[in-house]
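K.L.:
Residue strings, one per chain:
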Amino acid sequence: MKDAIFILVAVFAVGGALLTAASQSIINAALGLLLSLISIAALYIFQSADFVAISQILVYVGGVMVLLLFSIMLSSGSTDFFKNNPAMKVFPALLIVVVFAGLAIYALFSANLTFYPGQYGPSTREIGNLFLKDYILVFELVSVLIVVMLVGAGVMLRKELVRKAVASDGDSKDEKENKK
Amino acid sequence: MTSLLSENPNSYLIISVLIFSAGMFTVLTRKNILAIIMGIELMLNASALNFITFSFFRKSTLYSGHVFAILIIVLAAAEAVVALAILLAIFQQRKSVMTDDISDMKG
Amino acid sequence: MINLIYMFVFSLVYLLLLALTAGILTYVERRIAGRMQSRIGPNRVGIQGILQFIADLIKGVQKEDIIPADAYAFLFKIAPYLVFMGVFLTLVPIPFGAYTLMEDLDVGIYYVLAMASYVVIGLMIGGWASNNKWSLLGGMRSAAQKISYEIPAALGVFIVVIMSGSMNFQKIVAAQGASPVDWFVFRNPFTFIAFNLFFIASLAEGNRVPFDIPEAESELVSGYNTEYSGMRFLFFFLAEWGNLVVIGALVTCMFFGGGSFWYEWKISIPAPGRDPIVFEVLGFLWFLFKTFFFVFVIIWIRWTLPRLRIDQLMDICWKYMVPIGLISSLGIVIWMYFIPENSTIDRIVRLTLTSLGAITVLYFKYRVYKNLKITKATIYANPFV
Amino acid sequence: MIIYLKNIWETYATVFEGMAITFSYLLQRPITVQYPDRMKESVPETLPEKYRGRLMVDTELCTACGLCAKACPIDVIEMKGGRAEGKKGLRLIYFNIYHGKCMYCNLCVEACPAEDGEEDEHHTAIYFKKNFEGSSYTLNGLVEQFIPPDEARRRLKESEEIAAKRAAAAAETTKNSEAKQESDKPKDGGDV
Chain A
1236 MKDAIFILVA
1246 VFAVGGALLT
1256 AASQSIINAA
1266 LGLLLSLISI
1276 AALYIFQSAD
1286 FVAISQILVY
1296 VGGVMVLLLF
1306 SIMLSSGSTD
1316 FFKNNPAMKV
1326 FPALLIVVVF
1336 AGLAIYALFS
1346 ANLTFYPGQY
1356 GPSTREIGNL
1366 FLKDYILVFE
1376 LVSVLIVVML
1386 VGAGVMLRKE
1396 LVRKAVASDG
1406 DSKDEKENKK
Chain B
-2 MTSLLSENPN
8 SYLIISVLIF
18 SAGMFTVLTR
28 KNILAIIMGI
38 ELMLNASALN
48 FITFSFFRKS
58 TLYSGHVFAI
68 LIIVLAAAEA
78 VVALAILLAI
88 FQQRKSVMTD
98 DISDMKG
Chain C
0 MINLIYMFVF
10 SLVYLLLLAL
20 TAGILTYVER
30 RIAGRMQSRI
40 GPNRVGIQGI
50 LQFIADLIKG
60 VQKEDIIPAD
70 AYAFLFKIAP
80 YLVFMGVFLT
90 LVPIPFGAYT
100 LMEDLDVGIY
110 YVLAMASYVV
120 IGLMIGGWAS
130 NNKWSLLGGM
140 RSAAQKISYE
150 IPAALGVFIV
160 VIMSGSMNFQ
170 KIVAAQGASP
180 VDWFVFRNPF
190 TFIAFNLFFI
200 ASLAEGNRVP
210 FDIPEAESEL
220 VSGYNTEYSG
230 MRFLFFFLAE
240 WGNLVVIGAL
250 VTCMFFGGGS
260 FWYEWKISIP
270 APGRDPIVFE
280 VLGFLWFLFK
290 TFFFVFVIIW
300 IRWTLPRLRI
310 DQLMDICWKY
320 MVPIGLISSL
330 GIVIWMYFIP
340 ENSTIDRIVR
350 LTLTSLGAIT
360 VLYFKYRVYK
370 NLKITKATIY
380 ANPFV
Chain D
26 MIIYLKNIWE
36 TYATVFEGMA
46 ITFSYLLQRP
56 ITVQYPDRMK
66 ESVPETLPEK
76 YRGRLMVDTE
86 LCTACGLCAK
96 ACPIDVIEMK
106 GGRAEGKKGL
116 RLIYFNIYHG
126 KCMYCNLCVE
136 ACPAEDGEED
146 EHHTAIYFKK
156 NFEGSSYTLN
166 GLVEQFIPPD
176 EARRRLKESE
186 EIAAKRAAAA
196 AETTKNSEAK
206 QESDKPKDGG
216 DV
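Chains as they are written, first to last, in the numbering used here: chain A, 1236 to 1415; chain B, -2 to 104; chain C, 0 to 384; chain D, 26 to 217.
Just so you know, the hints here were simulated from the structure itself, not pulled from any lab data. Every residue, glycine too, gets a C-beta built ideally from N, C-alpha and C. Careful, some of the hints might be misleading.
[As the list claims (entries may be wrong)] With a cut-off of at most 30 Å between alpha-carbon atoms, the simulated DSSO-like pairs for lysine-lysine come out as follows:
#, chain 1, residue 1, chain 2, residue 2
1, C, Lys372, D, Lys65
2, B, Lys28, C, Lys132
3, A, Lys1237, C, Lys170
4, D, Lys126, D, Lys105
[Said to hold, decoys possible] Covered stretches of chain C (in silico footprint by chain D; criterion: 3 or more residues with CB under 8 Å from a CB of chain D, positions within the stretch not fixed):
#, segment
5, 30 to 37
6, 293 to 302
Excised from the complex, chain A in its bound form (with noise of 0.2 Å):
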């Protein structure tokens, strides 16, 4: 039964990456990713990671996903229908794909590692004790990279920017179109 499942989220979630590879149309990319995230969440909660499971859900469905869809619909009118990069074709980047696949499948079965079975429990407390503890330091960078990142969207995003932006590029396409 536990099986069942499992086979269940793991098509979901290598589903999901395909569709998101293979679609023409960019919101059923999307969908594809949801999907895709929100079935890892599941692997993680089969692993007994459950608080990484959850900021999964939380920071990707709840942050990336909605950033994501918002972007699509702000500029859902160019974006209807993907295009393929000119400088790479299916079949290289298909190759590129297969070869690296084959070989990460290959070294997984000739790396001759030692696993022991997992045990279940909560992982919240030890999580925190990590964090305060020994990676002290990799928390506050990230505390600080988060500040950094909220100050510069914030101000890359700022109407007045954009605007002296628009107007000291002579030739940017939205004057171009003015002119015509």
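Take the given structure of chain A and dock chains B, C and D to it, following the hints.
P.N.:
Same frame as chain A, now just chains B, C and D:
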């Protein structure tokens, strides 16, 4: 090692490889910035899944893998926010989110 | 396997109960709204109109399920279910009693926050897939509002988590006691601020007045659900009223002692020598009473306050609630470091805050009587006419 | 900073006030009534004395003088009077009121000369009833015919017959009078 797929680390690692490959394919072939961001998210997720798997199956008392997975999630969120802010700023100026249309540096 | 079937049956019962409660709440809200506006409200179907929601349901099912010609049909179809699923999943870790809960998650509150943010996706997809300007605007506003107000809500939750030392709901309830002095609202000033932050942010996340900008009927033609009809429309509504129960239950758990029924009794540890079932039932009823009291307060606020403007909404969030939340989450740490639990100062503060709360209630009663005197109205407290 | 704290205080104080007001309304009896089937007394009884409801006519009292139709500024009343056998004066042939047009100005009632001498609800032939439930599913339903169409046709025929008879009689009398006049003419003609 049990015979259950869900308790076999290799199944998680293979899923991770497949998701990473899909993300890589997306990044390589797409022209749309949004799609490239999606591909990057997929790749980051695959690596986070790897961290969790190794943390769970290598030594169950050590939770460093979880810490790194959380760091990846946080960094991915930060990256997505900045990338989408840049994207919207570009879109307001150029009315396009295709990489080819914004390859020129000025003008 | 048996476990799985048990889970399935249990969640089905939960689902039906949530749907039933949400349905009855639509009726209750309309009756309360009627009385607050000197009207009567629905009272024709069944005894005093109690079956009104079933009539509405039957009407909703009978209606044609219209999908607009230019809508993105697949997304349009699944969006209401996504929203309803998110609200329903929020109920999973909430303890209605010591044993009456679906799953005792170790990351309870965190999970609830995650599910609340997951609902946003459903609303946005619904608004976008309708291919209607108003729906899109409603969905966008809803997403912006929910994401903004998640921060104050998370700060409020943060303070509670620091106080109780766990994100598990059972442990949070056990960290409080049965009497008002032990509740987190009146524990110290910072938890009181946390209660305010969380309650207001929950109102905003539940799209309730005064934060109902996403579905402002007068500007957006009711926002993201404009194009929906029939059963799918009802699903949005079930989600909205189900959300009321969730908010009430969360506030009860986190700040008002949950189902702790009487003094020495803590919810996860039944006192020895007592019948656990009796106390389970009593605790469940006590929990429900508190929950529905908060549901009543939310309904009451809805019929009192006008809608905010969008800039006022964002001002409240970013200029008031977030700074206050940050300061108080710093303050609670300092407080807990310097003032240990059950020290003299702690007890004095608790008693003072509790009595301040009691004084507020009494003053409120006085104000109500004064208003009644001014209007020269006779008191008619019978809920039925 | 003071303004900041004052804003917070004012928010709570005003919300408190507002909630006190709405709660006091929750404790009052609703002022709406459950029209039409759950009323303690019937609605027309509660109406004021000079309430103008539906325009009615008492066909027995009416003298078919047509003053009301002339007084009406918007042609609500469409009526015709005619002679009848065994009755002095005019009798109604048809009397239609277009309720959809009526604006309840009372001019027709003021113009009506036919009174029954009693000081009750209707002491004139045309009067306003207190009944106000006049809705109808069709536009034609708003036209009330006080004389049924068959009866109106019969009366029209009768009045035409009488008119013809009288015309004949009148023609005879005029002939006679003309003859008389002719016979008188030579007498009086000279004076004219």
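K.L.:
Run every hint past the structure and note whether it holds.
P.N.:
Hint check:
At most 30 Å may separate the alpha-carbon atoms for a hinted pair to count; Lys372(C) and Lys65(D) meet this at roughly 27 Å. Of the pairs offered as hints, the one joining Lys28(B) and Lys132(C) holds, with about 28 Å between alpha carbons and a cut-off of 30 Å not exceeded. Restraint check for Lys1237(A) and Lys170(C): the C-alpha separation of about 29 Å stays at or below 30 Å, so the hint holds. Using a Cα cut-off of 30 Å, the hinted pair Lys126(D) and Lys105(D) holds, with the two alpha carbons roughly 19 Å apart.
Coverage of the segment 30 to 37 of chain C by chain D holds [criterion: at least 3 residues with CB-CB distance below 8 Å; count 6]. Under the rule that three or more residues need a Cβ within less than 8 Å of chain D, the assignment of the segment 293 to 302 of chain C holds, with 3 such residues.
Hint compliance for this structure: no hint is broken.
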